[in-house]
Structures are given as C-alpha cells and as structure tokens.
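Student: Chains as they are written, first to last, in this note's numbering: chain A, 10 to 304; chain B, 392 to 551.
Worth flagging that the hints you see were computed from the coordinates, not collected in a lab. None of these values were measured; they are calculated from a predicted model. Don't take every hint at face value.
If we take Cβ atoms under 10 Å as the criterion, some of the chain B residues that face chain A in the derived model are [claimed, not checked]:
| no. | residue |
| --- | --- |
| 1 | A410 |
| 2 | M424 |
| 3 | F474 |
| 4 | A495 |
| 5 | A510 |
Facing chain A, according to a computed beta carbon distance under 10 Å, are these residues of chain B, among others [unchecked claim]:
| no. | residue |
| --- | --- |
| 6 | Y422 |
| 7 | V425 |
| 8 | T429 |
| 9 | A476 |
| 10 | A482 |
| 11 | L508 |
Glycine residues also receive a C-beta, built at the ideal position from the N, C-alpha and C atoms.
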Amino acid sequence: MRHYFPIAIIGAVLLLAIGGGLLFLKLKQEQQPSETSPIPPVVQNTPAVSVTPTAPVTPTEDATPAATATSVEAREPEALHVRGKGDAPVTLEEYGDFQCQPCGRLYPVLKGLEHEYGDRLRVVFRHMPLHKHEHAPLAARAAEAAGLQGHFWEMHDMLYENSLRWTKGVDTVGPETTPSRRMQSNLLAMDIEVRDVFFRYADILKLDVERFKQDLDSEAVRARVESDRARGLALGIDRTPTVYLNGHHLPYTALTAEGLHKAMEAALAGKPIEEETGSPSPGGTSPIGTPRTTK
Amino acid sequence: MTTESTRIVSHPKLYVLAAFIAVAGLADSIYLMVKHLTGEDVTCVASSGCSEVLSSAYSTVRGIPLGAFGAFGYFVAFSLATFSAFGYAGAVIFLRLQVCCMLAVTLWLLYVQAFILNAFCDFCLLSAGLTISLSVIVTIEYFMERKHRVPANQEVAREL
Chain A
10 MRHYFPIAII GAVLLLAIGG GLLFLKLKQE QQPSETSPIP PVVQNTPAVS
60 VTPTAPVTPT EDATPAATAT SVEAREPEAL HVRGKGDAPV TLEEYGDFQC
110 QPCGRLYPVL KGLEHEYGDR LRVVFRHMPL HKHEHAPLAA RAAEAAGLQG
160 HFWEMHDMLY ENSLRWTKGV DTVGPETTPS RRMQSNLLAM DIEVRDVFFR
210 YADILKLDVE RFKQDLDSEA VRARVESDRA RGLALGIDRT PTVYLNGHHL
260 PYTALTAEGL HKAMEAALAG KPIEEETGSP SPGGTSPIGT PRTTK
Chain B
392 MTTESTRIVS HPKLYVLAAF IAVAGLADSI YLMVKHLTGE DVTCVASSGC
442 SEVLSSAYST VRGIPLGAFG AFGYFVAFSL ATFSAFGYAG AVIFLRLQVC
492 CMLAVTLWLL YVQAFILNAF CDFCLLSAGL TISLSVIVTI EYFMERKHRV
542 PANQEVAREL
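Sequences and hints are given; from them, build the entire structure.
Tutor: Structure below.
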C-alpha cells in the first residue's frame, strides 16, 4: 500500500497544477474584457476631425493623404500614414499603441508580411494610445512630430523596436549610455526621461531636434493623434492591436504570421476573409498575446 | 572492496523539503506561463525589468514560453524528490541529474538577464533562487549520504 503513496501525491500535485493553471488562465481571460467597460465615449468635438464610424480603409477607397475618411487641415500632419503602393490590392490597417506589448510583437510580423508581399500590400497605421499606458500618447506624438519632418515610419519603427527600453525611460541606443545612467533612469522612470529618449531618437534619425521638441506638444500633433483615437473609438475598437484587412476586422487569433498570411492569400484570391464576429471578442487570445484594452 | 551502498536515501526529510521547493517553483512557472499566454504585463516589485525580460526573444523557445519548460522541470523534480523521500534509491540519481540540468539552465538565464538584457525579473530571480536551493539540498544530501554510506560487505558481516 505504501508504494502507492508517492504516486498518489504526485498525481494530486499534477492535477492541482493543471487545474490551478487552467483556472488562473480562465480568470485572467475573464478579467480582461471587464477592463473594456466602460468604453470612453466617442469624442464628438475633436477639432477639425470628422469621424466616419463605418469606414476602415478599403482598397476601393482612395486613401492617399489628400483624400481620406479622417481628414485634418492641410497645414497639419499628413492625414494618413501609409506604407506601400497606393494601388496595392490589399490594405492592412492597424490601430496600434506604441507601449502595448502585443503591438510590439505584431510589429515584426507585419514587417515580414510587407517584405513578403511587396507591392501587393499597403499598410496603414493609426494611433490608438491607451490611457493605461502612461507614455503611449507621448510616443504617438513623437511619431507624428517626426512625421512633420517626413520621417513618421522611421520613428514608428524606432519606437516599436525599442519599446521595451523607452517604456522604462531607459535609452540604450545612445553610445553614451552607462550602467549608472541606466540604473538612474530605471529609478526615475518619469515622463521627462522618456522625452529625452525620444529626442535622442530624433537625433539618430537626423531630424531637426529643436523643431521636433516644439512639435511634440503642438496642438496640431495632439489633434492628429486624437483624430485617430476618436476614429478607433467610433469603430468600437477597445483594444490594441486591432487590424483590418481590406476593411475586414481580423480576429485576434489571426494576428500571427500564419494567420495574416492566410488572410492575405484569401484577400488576393478574392475569397472570404475570416472576420471578427461582432465587436472585438473579449476573451480571444493570440500567440502575440491578448490585445491591450482601453481604460 | 565494494563501494556499493546499502543506504542510498539517508535523509528523507531533505527530499521532503526539496519536494516543497519544487512545488513553489512549479507555481512560479505556471504563473509566468499564464501571464505569457494572456499577454499581460508582469509587475515587478523588487526589480524593474519584468516586461523587458519576459517579452524578450529569450522568453520563448520555438514559440513555447520558458514558463512551460520550467513547470515541466519543477514537476519532474517534485516527482523524483517525492520518490526519493519514500526511499526509492533510483530516483535519487535522476533527481541529481535533473537538478544539475536545471541549475545549468538557471545559470544561463541569469547570465542572459545580467549581461544581455541588462534587466532582471522578480519571478525569474525567485525561480533561480529555488533551483539553487534545490541544488544545495541535493549537494548536502549527496555528501551526507557519502558520510553515512556503509560498505555492503560490512553490512553483511554485521548481519552475520
């Protein structure tokens, strides 16, 4: 009888571990949708912004910077950030937050997709900075400020590639970074430190840093970011990343290299694209992680 | 003269302690695995690099989170420690091998955190501490077992 004791104990621990793990996973997944409520009301009076709730970019829509559903005045930053040829048969539109880790994990996947499909894919980026990410609005404005000097995508890439660093207010890009400086930044981890990091990025991208500093807090740049966010909220987006392919809202489970490849092939072949049912599904997870929710 | 021992498991209480430590490691690994699967941020208390470490390229192996490997490793260690505590001599050998492997992986991960990522994560450090504790226990038991080892021929003579 004694021989069965260790087996019984091990079996009990195994069951507890599996059961506990699954229960914890389920609890975490159930907690996440609750974060989406209440969804902040759609900003109705965003200056110089017109929101078209039902209009993610589609190939039939002329999405050149001059003519888009979301438009701001001509003197302001470019209305739409597009990478790829204007006549590409497939348009992928991402609502992203530079501080959101799943967005950061999606970034290399999208880069791979752009590389794979070349002229057949056009990527559109829209800002959806979540309030719970303290540096996300500043990061979005940094990308816009760089965009005013014609380097939106370079800053976009820089922010995503280094997001784990600047989130903590640490700049490991600069050659002058020392361990003591890094430790100090870790301890401070304040917005002002992040600003310094963004200024450094602007310098690396050979931007006019003084102009970048001024633009970072300008009303035009703030309005540009807010216009994207207002548009996203109007579309019912409550988490990031949210991706539309030819106007079809992709489920979060499809935001993988394989899933996006499959959706791309379907779009190119004119076949139906697997679409998110209803509003963004609350419990959905994907290998890039559960999308971040608005708060 | 033979070196065979008639008392392989000399201190079962040490293995009970090892089993409890392995369960703690199992819980830690499962927590990290679930956090990875849900994509949630892990909040550090003592250190500041949880996000950096747990989102790095080193946090997965072929898409499988390290927490899953950790959970498996700790579960195996727990099973072997339990069998050892109940006097299964063969399990002791496998436990020593298992703990050696876990210690090697732990040292590599500590190196990655310290010199490649320049960031530490509380839960990873906890796991490292638990693995090191297991190593210490197994090492102590090994030397105690050597000390108490009774050569087989002496045991036979005593019985006669």
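Student: Against each hint, give a clear statement of whether it holds in the structure.
Tutor: Do the hints match the structure? See the list:
1. Evaluation of the B:A410 hint against chain A yields a held restraint, the C-beta minimum of about 8 Å falling below 10 Å.
2. With a cut of 10 Å, the hint placing B:M424 at the interface with chain A holds, because the nearest CB-to-CB distance is about 7 Å.
3. Satisfaction of the interface hint for B:F474 is found here, the shortest Cβ-Cβ separation to chain A being roughly 5 Å, below the 10 Å cut-off.
4. Given the 10 Å rule on beta carbons, the hint for B:A495 is violated: about 24 Å separates it from the nearest Cβ of chain A.
5. Taking 10 Å as the C-beta contact cut-off toward chain A, the hint placing B:A510 at the interface holds, the least distance being around 8 Å.
6. Interface restraint check: B:Y422 against chain A, minimum CB-CB distance 7 Å, threshold 10 Å, status holds.
7. Annotation: interface hint on B:V425 holds; nearest CB of chain A at approximately 5 Å, less than 10 Å.
8. Of the supplied interface hints, the one on B:T429 holds, with its beta-carbon coming within about 4 Å of a beta-carbon of chain A, less than 10 Å.
9. Look at B:A476: its Cβ gets to within about 8 Å of chain A, closer than 10 Å, so that hint holds up.
10. This hint holds: B:A482 has a C-beta 9 Å from the nearest C-beta of chain A, less than the 10 Å allowed.
11. Evaluation of the B:L508 hint against chain A yields a held restraint, the C-beta minimum of about 9 Å falling below 10 Å.
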